[in-house]
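Peer 1: Chains as they are written, first to last, in the numbering used here: chain A, 2 to 172; chain B, 442 to 1103; chain C, 47 to 407; chain D, 3 to 102.
These aren't lab readings, by the way, just hints derived from the structure by calculation.
The C-beta atom is built at its ideal place from N, Cα and C for all residues, glycine as well.
It is possible that some hints are incorrect.
[To be verified] Rough simulated footprint, nothing fancy, chain C against chain A, three-plus residues with beta-carbon under 8 Å: (1) 26 to 40; (2) 58 to 70.
[Unchecked claim] Where chain B lies over chain D, by a calculated footprint (3+ residues, C-beta under 8 Å): (3) 14 to 27; (4) 92 to 99.
[Claimed, not checked] Here are a few chain D residues that sit away from chain B, every Cβ distance over 12 Å (derived from the structure): (5) W8; (6) L55; (7) G56; (8) F63; (9) V70; (10) I83.
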Amino acid sequence: MLHEILFLFFAAICVGGAINLVLQRHPINSALSLVVVMVSLAALYLLLGAEFVGAVQVIVYAGAIMVLFVFVIMLLNAGAEEQSQGSRIALLIGGPGVALLAGAIMWLVTHSDKTIGNVVVGSMVSTTGGDNTHQVARLLFKDFLLPFEVTSILILIAIMGAVVLASRKES
Amino acid sequence: MTEDLRLWLIPLLPLIGAAVNGLFGRRFKNRVVSAVALLFTAASFAKAVQAVLLAPHIGTGLPYQRMLPFNWLDAGTLHVPFGFYLDQLSSIMVLVVTGVGFLIHIYAVGYMAHEGGYYRFFAYLNLFMFFMLTLVLANNYLLMFVGWEGVGLASYLLIGFYFNKDSAANAGKKAFIVNRIGDFAFLLGMFLVIQKFGSLNFTAIFGLLKDVPAEAGWGLLTIIALLFLFGATGKSAQIPLYVWLPDAMEGPTPVSALIHAATMVTAGIYMIARSSAIFSRAPHALEVVAIIGGLTAIFAATMGLAQNDIKRVLAYSTVSQLGYMVMACGVAAYAAGIFHLMTHAFFKALLFLGAGSVIHAVGGEQDMRHMGGLRTKIPVTFWVMTIATFTIAGVPPLAGFFSKDEILWQTWNNSPALWVVGFITAGLTSFYMFRLWFMTFFGELRLKSHGHDSAHGHGSDHSDGVHESPWIMLAPLVVLAVLSIFGGLVGIPEALGGHNEIHHYLEPAITAPLAETRAGMAMEAAEHAGSTELAFAGLSVAVAALGFLMAWFFYYKRPELPQKVTAKINGLYLLVLNKYYVDEGYDRLLVKPLLWVSRHVLWLVVDQKLIDGAVNGAGGASQAVGGQLRRMQSGNLRSYAAWVAAGAAAVVAFMIWRGVHQ
Amino acid sequence: MTIPTTYLITAVVKIALVVFLLMTGVAYTTWLERKVIGRIQNRWGPTRVGPFGLLQPLADGIKFILKEDMIPDKVHRGLFILAPVLALVMSLISIAVIPFGEGLHVPVAGTDTQLQITGVNGFPGAPHSTDINIGLLIILGVTSIGVYGIALAGWSSNSKYALLGSLRASAQMISYELALGLSLVGVLLMAGTFSLREIVNTQAGFWLPYVPHWYIFPQFIAFFIYLMAAYAETNRIPFDLPEAETELVAGYHTEYSSMKFAMFFMAEYLNMITVSCIATLLFFGGWHGPQIPHLPQLLTDLLPVIWFSAKIFVFMFVYIWIRGTLPRFRYDQLMAFGWKFLLPLAIANIIVTSFIVAWRA
Amino acid sequence: MVPLSWYLILSAILFCLGVSAFLLKRNIITIFMSIELMLNAVNLSFVAFANHLGKLSGHVFVFFVMVVAAAEAAVGLAIIIAVFRTRETLNVDRVNLLKL
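Kindly generate the complete structure, drawing on both the sequences and the hints.
Peer 2: In structure tokens:
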């Protein structure tokens, strides 16, 4: 019971935030609504027993990435966007595309509803012992070690790229 | 004592040397370069000795075989492993290659001291060692072919070492192309082998052949054998593909000694001996082999008569000696062939190095007409050359005598006609060798003002008179001299009270010809008939002596005579001098037409019209299509996004639809 | 009274209590600060209001409340109001997971309870865990959200000083959050848990007879890094560039007055307290301290809390002390210090620690 | 008991909202944010499935997605800044040189 209520509550916040993101014309409002979405997603992760993911979601997404966005918005002092009609295709093709996409996924989910069951509220039953965080760590540093290292290299490259791109070239 | 001999170390070590010198040599001092080269070659030699000594006592003894954990080639059912194979045959080869190679490395240190591209030279030399050892130690034809091609490459690089000299570059190209022709045949032969045996592994093939009778007619085996033979003619400079070897003398003398006398050119003989199982079952092929060998021997010998360039004389004598070996294989006396191969490696290397020392002494002069009287000037060189000359001329008890005599004897038992050829060749050999000897070391010094257009970059720095070479060059000569004196002792035939050890040593590695073939019967005959053999030995000594006397008469007693004689038989002389116009003939028959076809057909028609047309057409078509498609590229990010979204939707929808309808 | 109700009531009581105590703490931190700074600068500090000016904070509070609350034109109204609230709320929330002591027997309800808002136990059917197992992460997350308060404040008030201030603030906070987080990893590696309560419990006992089992000793480098980063996070001297009066009036809260300003003010001091709490919990053994025999039950239960607050007090004092002594960094120096010195140092510390831990295991 | 499909539907909704935001917004920063929204939607279904299947690898994937998102944000924003410097605008309709 409690689970449903909480889920519906945060889901409502998520969708509201997302819609607000679309409707708002000023980027900073969109950004803040996106932050809201992310935080409530973190709450949903907690419901799904992924407390570590939830925490990281808040710290990394809401706390770092979105701050970066806000920071850039402030830096470029971006005003409200103008409603230019640059591309008709965006509506002519994209609109039906999105509708079709949404419809397809919904249909799929709802029709395979019987086969897929429920989610377990709260923390998962640990198979290998240790709580969620320990297990995730074990996975991350044992089974997924190589991808992990690769991503670290990716990050490194990204940092360098960002520095190179953003640095003003005096010459 | 470990189970695993780590044979792969033997080729690997020179490769490392080559890599080090090739990559970093430019920055090294010459001293370092030579240290690296020598070190790795010596290590490889030591390793080879150890392997040869240990192999018989390991596991099942010889043949010793080990695969590396990874394959060289995996194609469907065909798996060619990276395997190394050591039996009596390859033992001898590997010892000769590493040993002589090492000596020649030492020599080269002294000889190339003043050359540019010092590090390049040694990198190539080590590279050659690597490939040669791969060739010798391979346990299957493909890996052998790898080495085969590799030595071709190395010899190309080394012949063209003075790449800024046109003649050198051309000679390199010539050698490379001519070899390709032979290699092509070898390759075809390999394909047939795969098609017949489904494997390239020696042991596998020989195992399958064990109880196959000899082919009466021209069966698949015969064809394979002939293709292999043709490959061998390329590498071992036999008719019709011998033309590259004389020109190969453009390379530095150590190269000529190592590659074009001692080791690489013997690859063909090695290959034939290695394939003895196949050849012995293809009598017709064997006959062809024998005939080609004999013809080459005598042809080359006659050409050698008229040459004046000291190295060219040696080159032709090399060709003819190789002819001997091939002939030996042709009469199924593989052991004799290998035996001669070994001794030849010693004394021919010695001859070349000696010649190098002479050239070095007279400041790059290679024309014997401008030498002479060097006997006193460079005593050590003189003495070693003397030994070598007597050895090759077949004077007992020097090495050459035994090996050559063995071959002649086996030939006689097989076909007297060939024996005659070989016999004459022996005479010619001793004649032109002594001619060389007299012209170079006796009479008075006919030296021009030398140091000009020297084949080596170091003419100027000792244009002051003739001088003996440094000891680093002489030491290897002495060692080789000793070898060519006593090298023959391993093969003294029974008839002369020896045991012909090498023959018995090689027996297990070489499948003796089947009894029913002629060669087989000859073998039977050869076993007993000591007295006749003795007689033949006497004959060959005699002919050698005859050659000596003629040379003495013409070039020492009456030096002016040759001109008269040549003037009298001018046509024949010119014919011989110009090597029977074989090169010109090839030029007319093959090269020119080929060029014409490639220019007027392949280039102007096929390439320009067809291929370019197709390419341009494709380009134009795509351009046209793109011109239409670019309309989609509005350059607006959101439009692209729309397309992507629509596409994604389409994919998802399609997948769902598929999922539903099945 | 059914047990969940007891639980709820105790929770509410705890919240009220903690908030009250914190506010008072904040108030008297300001008093303390003014006093100590005064002494450092050889002045008296507040003396007029009450004995030793003890009532000064009260007066300030009243002043804040009664002042006119003006909102300039041309500000982004919603965010202008949201910002201080966000700042204050976030700094309050982060207190929620901090354990002040072991546990306490509540005579009235006849139950035990954790001295921690989110601590739960004492009645059947409650989750086994007496503490949320990612307490530290929650604090980090919440503080990282707190950045928005400052950033938005600066941006929404549509004034260059404020904007510059908040740009500086957010940049500085993002940069130093990395060093802060990484400096804690060392301790986490040794403790092997995110639960603050368990971290503290691992520090119980002694190594040598008199050296307590605190992480400050093995992790002193981490502690140093943490302290620096924490000062930067709370925008305190020597890292107070976002509100450097001499450079940009008052930084991000230039345009704010009365209660909204007070909120920022309180948020800052609350953050100081939070930070000190974390330092105490992670490096100084939390509430552990010498036990004093034969005291009444309630006191023995409260003794840990006293130790805890004592340690926090020390940190607050150091804060003020440093403010009284150190000058301010230049901005590039600040960034260089954060990125080029603290961050690599923290990473090195992590590597060394993990090696040691792995070797011990 | 909440059925898994709820989470999936929610994630689908969020994703589609992200897509439509991408299509509708003109401000390049907002568009970039809509990408983040889509990523988050995907993450949600990852976590939901992880819970449903009792396999934590889903979480690991979420981490990877976050890492990629972080890298993307860093580079992307840098690019946006660079674009803004040259074109003086954030409107994608005015930044349309992405063609032959």
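Peer 1: With reference to the structure, classify each hint as holding or not holding.
Peer 2: Checked hints:
| no. | hint | verdict |
| --- | --- | --- |
| 1 | 26 to 40 | holds (count 4) |
| 2 | 58 to 70 | holds (count 7) |
| 3 | 14 to 27 | holds (count 3) |
| 4 | 92 to 99 | holds (count 5) |
| 5 | W8 | holds (20 Å) |
| 6 | L55 | holds (20 Å) |
| 7 | G56 | holds (25 Å) |
| 8 | F63 | holds (19 Å) |
| 9 | V70 | holds (18 Å) |
| 10 | I83 | holds (17 Å) |
Consistency with the previously given hints is maintained throughout, with no hint failing.
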